[in-house]
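K.L.:
For the record, the sequence lines run as chains Y, G and S.
Residues 1 to 508 in this note's numbering are what the first sequence spells out, letter by letter.
Residues 1 to 362 in this note's numbering are what the second sequence spells out, letter by letter.
Residues 1 to 406 in this note's numbering are what the third sequence spells out, letter by letter.
Bear in mind the hints are in silico, worked out from the structure with no lab data behind them.
One or more hints might be untrue.
Derived BS3-like pairs: lysine-lysine, alpha-carbon spacing no greater than 25 Å straight-line [said to hold, decoys possible]:
#1 S/K379 <-> G/K175
#2 S/K342 <-> G/K243
#3 S/K312 <-> G/K165
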Amino acid sequence: MARWVSALFRKNRSGKNDSRGNKGNESVTDGQGRTPEDRRPFFSLVRQQFHDCHDLVHRSYPHLGVDLLYFGHLVGPEELDRDLVRPLETVDPGELDQLLARSQFMRVETFTEAVESILDGQAVLFLRDGKDGVWLAQVSNPPGRSVEETEVEGSITGPHDGFSESAQLNVALIRRRLKSARLKAIRLRVGELSHTDVYVIYIEDIANPAFVEELISRIRDVSIEVLHEAHELVQLIEDHPNSVFPQFYTTERPDITVNKLSQGRIAVVVDGSPTVVTAPASLMEYFNAADDYYMRWISATGLRILRFIAFIITVSFTAFYVSITTFHYELIPRTLLVNLAESRARVPFPPLYEALFMEFTIEMLREAGARLPSKIGQTIGIVGGIVIGQAAVQAGFTSNILIITVASSAIASFVIPSYMMSTSLRLLRFGLILLAGIWGNLGLMLGFGFIIADLSHLTVLKSSYMTPLAPFNLRDWKQLVIRGPYWSLRERTSQSRTRNRIFSKMKR
Amino acid sequence: MNEKLNPFHIAILIHVVQVGVTVFSLPRLCAVYYGTNGWIWIVIIGIAVTANIALIHAAVKMGGGRPLPEMLGLFLPKPVSGILQLAIGCMYALSACLTSKQYVLMFELQSFPATNPYVFRAGIDVLILCLVVIGIYNLGKAATIVFFATIPFPFFYLSLLHDVKLVRYTPFFLKDGGHWVEGFFQVFAAFLGFELCLFLVPYVQRGDTRWFYAVYAGNTFSWFIYLALTVLAFGFSSFGQLKDLLFPLLEMAGHLTLPVVERVDTLMFTFFFLMAVMTATAYFWMATELVTYVFPNIRKGWVAAFLIASTYFVSSIPNELSRVSAWLQLMAKLAIGTSFLLPVLLLIGMLAARALGRVKAP
Amino acid sequence: MRRAIARLVRRTGNRAGGRRTGSFGRTDGRRLLRLMGRAAAWSLPAVLSLLLSGCGTQADKRVLEELGMVSVMGFDLEKGEASDEKDSNRTTVLFPVINPMAKVEEETLSVASNSNDSRQRLARMTDRKLVFGQLRTVIYSASIAEGGLLDDLDALIRDPTIGTRVKLALSDGNVRKLLAFKHPAIPRVGRYIDLLLEKESIHLFIPQVNLHTFYRDLKDDGIDPIAPFLNPSEQSVRLDGIGLFRDDRLVGRIPADDMPYFVMLYSHFHQGTLTVQLTENEVVTLSALRSDREVRVRRKAGGVPEAEILVKLHGTVVEHFGYERFSTDKKQDELKRRIVRKVEEKCKEQLELMQRLRADCIGIGQHARRLYGYDEWIKLDWREAFAGMDIKVKAELKVKDFGIYQ
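Build out the structure end to end from the sequences listed, making use of the hints.
P.N.:
Here you go:
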């Protein structure tokens, strides 16, 4: 308490020391806790580093005086065979140096590099007998999923390839669509233990360098032990991690990523995650689906408007139902009045509890459906949705109008293309229902006020989340709010602060 | 990256802050204080408001980009300017609190007659605190969202045009009114909110002096809406009726029909909540700016919280709609006085400061 | 830029401690918001219990199924039985029954009192909470209307929960009986009345009269209010004429058959049907009738005003009895002339009735206002002037077609 009071009269202090005293995410400690980065990579040392790693393969060629260390499951058998095994088996001891001078071998200077390479799945070659030299061959080919369509963001028209867990594969999927040397990929490693590869991808003259630097410096500042996934990284580098709304756009589709890159945004590929993050993001992006770009612009605009309406419905419909049945009966149209009242008459609970109960049930069904294998999951969905709903109405637990309300809210939440955003909205919905149930329409508007306050102060890499609404930019509306015809889309969106605005020089 | 306010957002901010709960009683005020066809005075008062803004514009230009408290500090001794700022800050804070209280009371009239307003006001004050604390740049963004959310509503009134009869305007101008001075203050109070521009000075692009035109634009837009709605009201209701109805525009809204909702006036007033909150927030923000300048060691968040909490208790004293209106009218008169006299004071003070050599002439 | 990035990438180790996550966005009250968040979390149990107990709004909970949403309200005047007993007002309310198993669809409650506590008494007579937010019609008996409606309307207009679009109607007989009207074809008389008044006002054989229009015309010194009559018959409840008011007192009425002519004088209508009795045996029906009126006033030499009302009718002839075929233009013109004459005659009758009653219900005063200066107008007793005025009615008829049969 005293601390708070004295804090009243103290100004802001900048950055405190991290309690762990951690220094970085790149160094590897050896057994004694030393981090000698420029220690020589002796075979015995490296071998000892990997003691108790029984999956490490050690092959030696005594006649050559060569030891190989690699993880058998991380290397690609073909590459290993082609680059290492066959040459080593056929070479004469005298020509070893010439072999090692070939392009597939690279010298390894430091201990750290040797260990990291082995961990990466490369094969490291040590020379014995007093000869000095450690080489590495790039034979890594870790197991992973091949390119499949993503389940979460499928599209009807449009390409069906989606990212998989291998960062190399993901970068490949991007590169084959943007065949330009200006597409840069900066490689970073995050996580002390995991050394996860993180690629920051951008197009050089299009992306704003300040954003790129900011993003890179934030990623470098992440000092955790294991980075599992892109979404975890996102939450570590966000401006406002405590907000309800997702602040970086995530996608599993290469075509969307390429679209964002050409808009001047920056993509972050994380190894081990099929999700690619793009920054900076704005609220309107979460309402854009992949198919929007492949359809005709009038249809696409109509669908976008549908999504905005769905957004309003999913957030406020049930809350509105609660508020008018509890406090504001005068808003109900006369023709619906008796119907609504009769359907409510059988329910023993007040509307607030009834609505919370139904929403809770739907959330449980949703979570259960996510856990179950797909075959059972579909059945439960139908059983839950239809049978339980119907039975609830007949048992008098809920009114049928509420079922319709809750069901349309749920359906509307699936209309929003981004899973992260619809999850956030589910949470908001509960908040609004609660507020509407205790304070009626005023509570509902209070809830909207809080949402507006939250949205207004959100920033992504210090650019505003609510672009193009605020700061207002009418030209961007053609791309973010409606989908304008391609002949009229000539400039990139303003949020990326690019210096190179024009991307289409086509004359109509 | 972009902490400066854009002129577009300044215009919207001014408009949203200006439109407050007074707009609903505007036709009655014109009818009671000015008489038949009293809407004409809105034109005149709009001109007065524009003149006031021009005064502030001149003061700001004279100040050369200095924020208000700094300007005061140039020609007034520290304690005097400090007390002045605190007084103005308290007045703004109290006005803001009373505005939100009036909104709550009006809302309760329709839907929550038995509830004590302290409950709602606590909730609204938390929201206002959140909005004040996010800073004026983000407040501008919030105002833009609110603007787009509520802009259709004045246009809904156009559907009532078929019920407007020209003969109801009576051919008599400004008869049966009487209290023009009192009326001036009352109607001017509907335009209050533009003095926000005085406090925006440190938050706009330095060197770009055109942002003030955005203030004029926002004010003109509010002015236009007020005029249009009042003229509509004078044709929709008869003159005698306007004098009796407390909130004629709300009553007019009761005639709007939508197929899905019955009482559109209740719904409209509900959406109006956002506008009223913005007005109160802006005033609290101005008060916070003033007080923070006087006590720079306290963090802004705490200042805002203290102001909001203390005015919450002070404004618990009047608890009826008529008493709150009376307090608000008093506050409005003080605010109008401030909005006229403060720029005059600044102008004189800056001239004095130049004469005394404390400031170089540009 | 490339160099900057290369520098960033090459940089080994990072700043001491690494930045704490979440400190990238800047707001003034960042710490206050965090504090608020923490306070909210700690006080969650208390807050939750407060929230769920309604947080102060319990008194205003109006849960839908517990309400008796009054749709029609009626007022009667009951004379005191003994000579020294005061007259009491009988209030009847009608609201739909929310019970799928109930036999009746609407419930009527009625109570008489001579102090203004009807609402409290009514509240004691039902298990529902009586609310008036969905009130749609208010019916007064003619005897109350004759005594002046302003006081009675005052309570309704003052109430913010009652909208101003509540329709106003009068009844000759007992309103309580009217609201208890039972007929197999009309299960819900409240809804029936509501729809009847709305439909007719669309077809505009009566103009839409609600609290707003009544009060508006009452307070306007250039026009007097009107209200429709609703009376029960054996088969249904019907519209039975228009009541004419002088200020807030009922002084006369327009009979049901003459209603169209009144409306022609009062305002315009879009879609009406009019049956004109030309002579004993000849009846003509006009349909799809649109009417528009124009009022011209002027002051004659002595300052006395005179007026001319131009009624423009536009419709199709669909029926005629007792008239020869009118296939030629000459015959059609003659028919039109005769219709016009009859219409003018009928309209003049209504005007004369209003002038006799000194009730300017069609609003000539509003137009005449511009002929006078303000002080003159205030001093003038418009009703007297109206009574002595010479008002001409001119009608024009355009017939779009005479049907598809020659």
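K.L.:
So, for every hint listed, does it hold in this structure?
P.N.:
Hints, verified against the model:
1. Of the supplied pair hints, the one linking S/K379 and G/K175 holds, its CA atoms being roughly 14 Å apart against a limit of 25 Å.
2. For the hint linking S/K342 to G/K243, the alpha-carbon distance of about 43 Å lies beyond 25 Å, and the restraint is violated.
3. Annotation: proposed proximity of S/K312 to G/K165 holds, straight-line Cα distance about 19 Å (limit 25 Å).
This entry does not satisfy hint 2, going by the numbered hints stated previously; all others are met.
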